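**Q** What follows is the residue order along each chain.
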Amino acid sequence: MKNSSLSNKHPLDELIRTDRIPHIWCPGCGVGTVFSSFLIALRESGIDLKNTVVVSGIGCSGRAAGYVKLDSFHTTHGRAIPFATGIKLANPDLNVIVFSGDGDLFAIGGNHFIHAARRNVDLTVICVNNFTYGMTGGQAAATTPSMAKTTTTPKGNSESPFNLPHLAYASGATYVARWTMLHARDLTEAIKEAILKRGFSFIEALAPCPTGYGRRNKEQPLQTLKIYQEKAIIKNGANPAEADIDFNKGIILGKFIDIKKPTWLDTYNSIYRPQDNSDIIDAA
Amino acid sequence: MSKNVNTGEYFITGDVACAEGALAAGCGFFGGYPITPATEVAEHIAARLPDLGGVYIQLEDEIAAIASVLGASWAGVKSMTATSGPGFSLMMENIGLGICTETPCVIVNIQRAGPSTGLPTLGAQGDMMQARWGSHGHYEIIALSPSSPQEIFYQTIEAFNLSEKYRLPVLIMSDEAIGHISERVIIPKARDIKLISRIKPKGKKNYFKPYQPEGHLGIPPMADIGEGYNLHITGLTHDHKGYPDMTPEGQEEMVNRLIKKIKDNRDDIIRTEDYRMDDAEIVIVSYGVSARSSLAAVDIARAQGIKAGLFRLITVWPFSELRIKELAKKIRGFVTVELNLGQIHLEVERAAGGNAPAFLVGHHGGTVISPETIVEALKNNF
Ligand code: SF4
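So the protein sequences, as listed, match chains A and B.
Each residue of the first sequence is one higher than the one before, starting from 3 at the first, in the working numbering.
Each residue of the second sequence is one higher than the one before, starting from 94 at the first, in the working numbering.
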């Protein structure tokens, strides 16, 4: 007898390249949870998924492009945003989403991030921030908290980390939010809003990397989640300048920025072809 | 009349002719970054492209420029960028991504003298080996080298056609002299310009494999983003589905395919030109601006009774290895003329295989080689 109430299918299977599972993420890794929130947000947003493309750079988070069953691009380290910019400007009908990690987007790719935000290219950028380079085994990143231990800062990080929401805001992003993977519903809502937002939108999602970061800083995966819970200060509308990550004073989460601005293409079109040109050149 | 083809007769620089060639080829996206002596390509496109429905964007650096060009190509638009040495160096990693993901696009390098910042306003041909091997790994590339503004116009169209046909970034390896010289350029009627576009997939979308070779050329059809194929495209070694394959066998299969599609079609890709070659005993091998000096040198040498001929490389990569091999068996020797200290010369020597001596007339860059210098070398060596 067939049991119709049981299924081997995961509710998100239709959005996943199931033939590529198992994925590469370690047990206790937070990337997968952010990825799930992203997939739910994609579905709930109601956008045309056929016209949606996901672009990643390199790193553990960058592997997301390989698992999502949409047009998806796994590009070079740091260059997901300019690659995505080319896609968006060449075909403005596409929803273009960048899903990558902090090392990829803010160290090697930092220049591209600030310029895409400044231009207000209509992209959604989701950054999984785990404070480290996971794929290469846990080196110091541009987001590693001061004094944290990594393989390249064995006695503690002597540098200060970026405050990503502040950087995004100062660069011109029209939507800026930060959540942790523990705040999965809020994160999903935020990603949904960001996807539907016209303009450069940025989501920072804090997530543990137990393998690369946690074990060197005496944090079991569940402990990291506990810290997320205990230290979270939810403050929508907070000034991004105050959102620096300092576990002693608490981590500010929420939607910080949601403003309207003409996109790069809006402005370009209004200046260079005010009388709407429809004959976009197509290679096909 | 097509607005993108500026039919008529003009007196323009090589850079502007290159831009016009791109527009005539249907280029709809240009990711730029200013650099001497290539800036005028971007400037001309920036002025003309918006009216044609395309987009010019100036990126924050050449890395972003080439990345945006690759993205735009996958969105279904013919796209390009133009640069010079320092920018070309920055583009190398993503040129490799373009090779590995089989992304059609055109990259113009108006060469200046290096290394490093070198002589920004003065020409050279010192990036020829970088064009061949500049990105990491083993691969094949197509590079053209124009000898006049008229030729860069046609070569830019040809570069787009080759890139769409063989699915790879195609390089135009020009130089400052050709980029900045003004000459007569005739732009033909649109109907006289032959354009090639990527082959589109047919059949069931679910079963489409983006890297399954097809047809007599062995090139996979290309689906664009948004056509419902759920493409996955990666710079990792991948199988025909586009999925990562981290095995030595997968690596061998993919790299062989990328190499074979160019090597097996060399006859279709390579263009060269013979000048007074029929009875030539000494063959000058040259390209770009140096081929102009070489042409004059052939005439001077002939007037003095030296049986010289010019074998001009219009396509520099893939290299005309077989032709050099053949020639080596029946001539007295080769002289390669180029604005570097022997990049193509060593290729000529290698292909000649000891059957004929190969000499170099090279220069460090910053000037052009005079015909007299070449004739002197012919006399001294033969
Ligand atoms: S190394 Fe860290 S980020 Fe990478 S998969 Fe493992 S836990 Fe996740």
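Think of the hints as simulated: they come from the structure by calculation, not from any bench.
Don't take every hint at face value.
[To be verified] Here are the in silico distance ranges between beta carbons for each label pair: (1) B/Leu434 x A/Glu16: 26 to 34 Å; (2) A/Ile261 x B/Ser182: 52 to 60 Å; (3) A/Ile273 x B/Ser182: 47 to 55 Å.
[Claimed, not checked] Derived BS3-like pairs: lysine-lysine, alpha-carbon spacing no greater than 25 Å straight-line: (4) B/Lys400 x B/Lys418; (5) A/Lys52 x B/Lys298; (6) B/Lys302 x A/Lys71; (7) A/Lys71 x B/Lys293; (8) A/Lys11 x B/Lys298; (9) A/Lys199 x A/Lys71; (10) A/Lys199 x A/Lys52; (11) B/Lys418 x B/Lys472; (12) A/Lys71 x B/Lys295; (13) B/Lys400 x B/Lys353; (14) A/Lys11 x B/Lys334; (15) B/Lys297 x A/Lys52; (16) B/Lys334 x B/Lys287; (17) B/Lys287 x B/Lys302; (18) B/Lys302 x B/Lys282; (19) B/Lys356 x B/Lys297; (20) A/Lys52 x B/Lys334; (21) A/Lys71 x B/Lys282; (22) B/Lys354 x A/Lys71; (23) A/Lys11 x B/Lys297; (24) A/Lys52 x A/Lys11; (25) A/Lys52 x B/Lys287; (26) B/Lys334 x B/Lys298; (27) A/Lys52 x B/Lys302; (28) A/Lys263 x A/Lys237; (29) B/Lys298 x A/Lys71; (30) A/Lys71 x A/Lys194; (31) A/Lys199 x A/Lys263; (32) B/Lys356 x A/Lys52.
Computed from a predicted model, the values in this text were never measured in an experiment.
All residues carry an ideal CB built from backbone N, CA and C; glycine is no exception.
**Q** Between B/Lys302 and B/Lys282, is the straight-line Cα distance small enough, at 25 Å or below?
**A** Between B/Lys302 and B/Lys282 the Cα gap is close to 38 Å, so the pair fails against 25 Å, i.e. violated.
**Q** Taken at face value, is the distance from the CA of B/Lys287 to the CA of A/Lys52 at most 25 Å?
**A** violated, 33 Å
**Q** For the pair supplied as a hint, A/Lys71 and B/Lys282, is the alpha-carbon distance within the 25 Å limit?
**A** violated, 44 Å
**Q** Between A/Lys199 and A/Lys52, is the straight-line Cα distance small enough, at 25 Å or below?
**A** holds, 18 Å
**Q** Quickly compare the C-alpha distance for B/Lys356 and B/Lys297 to 25 Å and report which way the hint goes.
**A** Violated, at about 31 Å.
**Q** Note whether the CB distance of A/Ile273 and B/Ser182 lies within 47 to 55 Å or breaks it.
**A** Between A/Ile273 and B/Ser182, where Cβ atoms are some 33 Å apart, the hint is violated.
**Q** Sort out whether A/Lys71 lies within 25 Å of B/Lys298, counting only the CA atoms.
**A** Judged against 25 Å, a Cα distance of about 13 Å means the pair holds.
**Q** If you draw a straight line from the CA of B/Lys354 to the CA of A/Lys71, is it 25 Å or shorter?
**A** violated, 29 Å
**Q** Is the straight-line distance between the alpha-carbon of B/Lys356 and that of A/Lys52 25 Å or less?
**A** Judged against 25 Å, a Cα distance of about 36 Å means the pair is violated.
**Q** Holds or violated: are the alpha carbons of A/Lys52 and B/Lys302 at most 25 Å from each other?
**A** At roughly 17 Å apart (the allowed maximum being 25 Å), B/Lys302 and A/Lys52 satisfy the hint.
**Q** Within 25 Å, alpha carbon to alpha carbon, are A/Lys263 and A/Lys237?
**A** holds, 23 Å
**Q** A/Lys11 and B/Lys297 were given as a pair; does the straight-line alpha-carbon distance stay at or below 25 Å?
**A** Holds - the C-alpha atoms of B/Lys297 and A/Lys11 are around 24 Å apart, at most 25 Å.
Taken one by one, the earlier hints fail for this structure at numbers 1, 2, 3, 13, 16, 17, 18, 19, 21, 22, 25, 32, listed in ascending order.
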